[in-house]
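For the protein sequence lines, the chains are W and X, in the order given. Mapping of the first sequence onto the numbering used here: position 272 corresponds to residue 272, and the numbering continues sequentially without gaps. Mapping of the second sequence onto the numbering used here: position 54 corresponds to residue 54, and the numbering continues sequentially without gaps.
One or more hints might be untrue.
[What the hints assert, rightly or not] In silico EDC-like cross-links for lysine to aspartate or glutamate, where the CA-CA straight-line distance does not exceed 16 angstroms:
{"hint": "1", "chain 1": "X", "residue 1": "K74", "chain 2": "X", "residue 2": "D143"}
{"hint": "2", "chain 1": "W", "residue 1": "K174", "chain 2": "W", "residue 2": "D456"}
{"hint": "3", "chain 1": "W", "residue 1": "K44", "chain 2": "X", "residue 2": "D178"}
{"hint": "4", "chain 1": "W", "residue 1": "K316", "chain 2": "X", "residue 2": "D57"}
{"hint": "5", "chain 1": "W", "residue 1": "K14", "chain 2": "X", "residue 2": "D57"}
{"hint": "6", "chain 1": "W", "residue 1": "K326", "chain 2": "W", "residue 2": "E300"}
Worth flagging that the hints you see were computed from the coordinates, not collected in a lab.
One-letter residues, chain by chain:
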Amino acid sequence: MTLFDKIWDAHVVKELPGGMQVFYIDRHLIHEVTSPQAFAGLRKRGIPLLKPEQTIATADHNVPTKNQNLPIKEELSRFQVDQLTKNCEEFGVELYGLGHPNQGIVHVIGPELGITQPGMTMVCGDSHTSTHGAFGSIAFGIGTSQVEQVFASQCILQTKPKKMRITVDGELAKGVLAKDIILYIISKLSVSGATGYFVEYAGSAIRSLSMEGRMTICNMSIEMGARGGLIAPDETTFNYIKGRDFAPKGEAFDKAVEYWKSLATDEDAVFDKEYHFEAADIQPMVTYGTNPGMGVGVAENIPSLEQVESPANFKKSLDYMGLSGKDSLQGQPIDYVFIGSCTNSRIEDLRIAADFIKGKQKAENVTVWVVPGSKQVEARAIEEGLDKVFEAAGFDFREPGCSACLGMNEDKVPAGKYCISTSNRNFEGRQGPGARTILASPLMAAAAAVAGKIVDVREQI
Amino acid sequence: MEKFTKITSSAVPLPIEDIDTDQIIPARFLKATTREGFGDNLFIDWRQQSDGTPKQDFVLNNPVYSGKILVAGKNFGCGSSREHAAWAIYDYGFRVVVSSFFADIFKGNALNNGLLPVQVSEDFLDKIFKAIEKDPDTTFEVDLVNQQFTISATGDQTSFEISAYKKDCLINGFDDIDYLLSLREEVEAYELKRAN
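Could you build all of it, start to finish, from the sequences and the hints given here?
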């Protein structure tokens, strides 16, 4: 059996004829944007939220990243965040709202509080729920109707996805990070290459990553169409979880570890599809188009119209990016830098950026936003003096939230401007109408902030 | 949920691949706390310039095309899990989306809202686009009961897949919650079994 089978099958309450299954959810994370209509549904039916103790809420998608101590200025946003507070009070859900020391991006706080644990099933009305798979859990995004289903019954109806394993072996070169691994994989498989599958990441390059790096990898599983991705738990996982607020303590922890150690794919297990990559082939990645599959190594050329499968779509994409006719992204001037999002806003990401820019200055015409993933990440960064490093370099160190990853709040990139971003999506208008997004690692983003253009960070470290 | 059995309608062609849910409904419109009204902002950044003037070359602004069926290129609905995308398409007036490939989460969201995703082969999708190009008023028949999609003018027909459970839900206008609530005892038994 695969790791995925072991966890999935243990959560099937009932099989329906024709392949649908009633699937049990251990932990449900919610936020202000995809939950209000689900709460309204409960109210309309006059039913309670079945398991408030298995539900955790935070406000992240639609919150300002400045002056969070003041009432939210924008009326619709304030209403939506207030609505979450009211809903959580009415239905008895624990809320880490603005100002709470546990508040933050839902996929940052779950792991950081020890809520996310191996062997669990987790859902959230957000496609990047796949992040939690880094702990050897089955975690995936759902729609609001399904949020309501979990509220009402702690279950959803699912068909079991197919299984894919992606193995990355070998050692990463200097300057190549987890973000580069996943951007590389997506560039090889395409934006729909894993649709219908659940991915297990394996191999020595994956194993050598920290939990933060593993989360970055699993986070972007959805960008190749997979519902989720997971990595078998090991000592790195257990050490990360130990001592966190919601983690089991003492004897209970030892007992849990014993079970967690059983969560691995058996040697004779069969996957529906397998891919194998060499870490040595991966260089720092950048995207040039309008989906995350359109990425290249920074020292490589952008493909030409003749080389691609769908020239019309490709041309549309490059025209939007203003990159038609360009060979490479090296030297491409940038206007904005965004270091943040559920992909890359953890303490390790901020340390990597701060370490690179120490003693350096951002380029004059570049605006740099550093948005920590949570209040805990923010506090830790301040404790380590990273905020001072960012300020000295001219970076704007802000308060936690999803921010410019999706531009729901005021952190938007203006039309036509280029932003190198550590987030997960370079779709048209994702960071603001007309904004042009180049996805990259926090190290590549920091280097671009200093140079004012895309540079190969390997030449600078 | 509205019942769905059979629809005969003209269609709106959108031959673009990998249409993500950020295009269908951009994040800045996700501040609403009800399900209604998202149709006004469906594909808004493809429909309008930043000053609100319509982009004349976009298909939804072309009065020649109308109908309850949206036909789009492969990998429709990728990206964000926002159910608002399905709500926006439905609210605009579409009841069927046809493509050669759908992203998983979008497909599930559509089915939960009475919007039928019909997956056809690349070749058949091409036939549909050609039929619309030839005559924008040409109609298509979507028969859920028999799982058949037909180009009325030519009689060209293809079958499509849907889970028996979801088909039953759509035909009868049921949603999953009624069913899940009826399983309360089985869920409790499952929880007990796992606790021991």
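Structure-based check of all given hints:
Taking the CA atoms of K74(X) and D143(X), the gap is about 22 angstroms. The hint is violated against a cut of 16 angstroms. Restraint check: the Cα-Cα separation between K174(W) and D456(W) comes to about 12 angstroms, which is no more than 16 angstroms; the hinted pair holds. Pair hint K44(W) plus D178(X) holds up; C-alpha atoms about 13 angstroms apart against a cutoff of 16 angstroms. Taken as a hint, the K316(W) and D57(X) pair is honoured in the structure, with Cα atoms around 14 angstroms apart against an allowance of 16 angstroms.
Note on K14(W) and D57(X): the hinted pairing is violated, with a Cα-Cα distance of about 50 angstroms set against a maximum of 16 angstroms. With a C-alpha separation of about 12 angstroms, the suggested pair K326(W) and E300(W) falls inside the 16 angstroms cut-off, and the hint holds.
Comparing the model with each earlier hint shows violations of hints 1 and 5; every other hint is respected.
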